[in-house]
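The residues making up each chain are set out below.
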Amino acid sequence: MIWESWDAFWAMGGYALYVWGSFGMTLACIAGEVWLLRRQRRQVVSRLRRLQRFDSQ
Amino acid sequence: MNLYRYASPATFHPLAGRLVPWFAALAAALAAAGLYISFFVAPTDFQQGEGYRIIFIHVPAAWMSMFIYIVMAFWSAIGLAWNTRLSFVMARALAPTGAMFTFVALWTGALWGKPMWGAWWVWDARLTSSLILLFLYVGYMALQAAIDDPRRADRAGALLNLVGVINVPIIYFSVKWWNTLHQGASVSLTRAPSMAQTMLWGMLVMALAAWMYTIAVALVRARTLILERERQTEWARAVLKEEA
Amino acid sequence: MLRFLIAVIRRDILLAARRRGDWLTAQFFFIMVTSLFPLGIGPEPAMLRTIGPGVVWVAALLACLLSLGRLYADDHRDGSLEQLLLAPYSNALLALGKAIAHWIINGIPLLLIAPVLGIQFGLPADALAVLVLSLAIGTPVLSLLGGIGAALTLGLRGGGVLITLLILPLYVPVLIFGAGAVDGTLSGTGAEAHLSLLGAVLVMALLVAPWISALALRVSVE
Amino acid sequence: MSHPPLLSAQDIACERSEHTLFQALGFELGVGEALLVRGGNGRGKTSLLRILCGLSQPAAGAVHWRGAPLAHVHEQYGREMAYVGHVNGIKDDLTPLENLRLAADLGGRVLDEDAAVAALERLGLGRCLDLPARVLSFGQRRRVALAGLVTAGALLWILDEPLTGLDVHGVALVEGLIRDHVLAGGMAIMTTHQPLSLDGLTPKSVSVGD
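Protein chains in written order, with this note's numbering: chain D, 1 to 57; chain P, 1001 to 1244; chain F, 2001 to 2222; chain R, 3001 to 3210.
Hints in this document: simulated from the structure, not taken from any laboratory. The reader is advised that the hints may include incorrect statements.
As the list claims (entries may be wrong) - One side only, chain R facing chain F, incomplete, derived with CB under 7 Å:
no., residue
1, 3055
2, 3075
3, 3085
4, 3089
5, 3093
6, 3107
Nothing here was measured: the structure is a model prediction, and the numbers come from that model. Glycine is no exception: its CB is placed at the ideal position from the N, C-alpha and C atoms.
Start from the sequences, fold in the hints, and give me the full structure.
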């Protein structure tokens, strides 16, 4: 184990802002993309179903 | 109905649906392993302290941003050569993820630059060419968004993509050339002085995780695109009935 | 083949001659943009000399893009683009002819204006010569690559802005080598390397761009 | 007539943004024959003509000229086929005669000026020879485009709504033009919403989208 304590881990030897800023933004981007994809899928499916109902009428 | 033409999307859609969870799971497992290596196995760098751990994100993201553009060009070329719709869809599905990774590479580059170079942005060759790569992604997506006819959007995007991929090495070379003329070599993010074996492993595992993630996300996006385009067909109707 | 190429070029020059207003817009844009920089930055001669080559080159890129929007758009609107595409010659030849015509109409005037603008920025005579030379090699590349963008964005809403987005990143090497050549002369490191790289880019653009423009035209007209 | 078909379309289909306009459409056309494309608005008449010109690709099937696919005979087909679309393809800044000269240059032909003037006069444009096309009326510009057909010397004419915008006199002129061309061993394919009377000539017909 290279960290003396969890506090040392979170402090990242004084680089906390930069290291966690990087990893945090990456995580946020991935989460955002996944969320957008799910929403897009739901929207497309519901739109196509509406179109289908419209077509069959 | 010409069955042959619809055969591949009809089989692709359920197949991709089954593959997505596997790739997602692989991505999660690899990311966990990669993060473990980056934070608990890789030792502190004697020059850059803990700040260097950013490279475990930055380098894989920069690799991915390049690879994805090249893979897109591969699909575009196949689509133009053999007129296969699925390849255009794959190229299109990859673009937003590629742009996302390019952005991440820029962001992490800036966060690394601040403590190391003392500035958020330095016109370093790598950062500059990443920025131009981001412009290329944006141009590709803007062109696709501006064209309503999917057939034209596919082909126009593919051509732009191919022009871009021919240009990427030229752009990269020119930026590097410009950079050496104007400010001389500076400490580079990727040429960290003590490139230990563990660091290389960490970056490789993270890059693999990013690959698996990219495949999973692109498959999901491609499924949606295909469903949208093939909504008139039997299989798409069946899928829509199933999916709530 | 050569006859068709010349016919296309002559046609575009004839049409541009009938519409001199459109043609002058891009040239005046070039002059105005460059003249605005000293006003924004200040008249300090050493500073102006450093930024001069870059400013002239960036303004040339923008002026070129401004006129590229119309490269195929007018012909598309009145249906003559279809006639051009159906002409009994390769479409790549058409795209090449259009790019050459664009360069003659819009590129050559830039070459003639550039030394005057260079003087505004206090560039010495040898740097002015290199500036013109670099523009002479570089602007055909702008026309050739821009032709691809013009073909891809044909008839799209917001096509004018879109072409900028698509094509400017592809112009980066031309900008770097072009402005770099003048910088090299100013700093005494020489311009040959830059100019030969620019020449290489021109050769590549000549070989590749007409084919891709032709394909793009086909896609857009369909 | 027993001429071998020069133009043949087999099983062609056309799609526009997700739906099929027509499919399994086919015909053959030989010298001295005309073809009338029928169909309502938005049914794909123009799309069919553009496929026959080689401007668009059919979603399925193929078009052959003298037995070869269009894409392989682009240059030959370009010399033997003339197309007038629903936009005229003439330049507003040039006079009618300059427009014809331009078309000839681009087609690799030398324009016979006297013949061109005669064609323009035949279409009733004798008084507009020196005016830029910009000041001409819609119908007059249409006539310039149609005069281009005569000077192009093509074997096959493909005309998209040739009668649109023409007055009664103009319609009769154009009908005469088409009839003379076909009877002299030419070929013509056209769409029209107006009744078309080609005395002594019964065009084949094909319907799209029903």
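These are the hints, each one checked on the structure:
Against a cut-off of 7 Å between C-beta atoms, the interface hint on residue 3055 of chain R holds, since the closest Cβ of chain F lies about 6 Å away. Proximity of residue 3075 of chain R to chain F holds as hinted, the smallest CB-CB distance being about 4 Å (cut-off 7 Å). Annotation: interface hint on residue 3085 of chain R holds; nearest CB of chain F at approximately 5 Å, less than 7 Å. Here the hint on residue 3089 of chain R is kept, as its CB sits about 4 Å from the closest CB of chain F, short of 7 Å.
Because the closest C-beta pair between residue 3093 of chain R and chain F is about 4 Å apart, less than 7 Å, the hint holds. A distance limit of 7 Å between C-beta atoms decides the matter here; for residue 3107 of chain R the minimum to chain F is near 6 Å, and the interface restraint holds.
Comparing the model with each numbered hint stated earlier shows that all of them hold.
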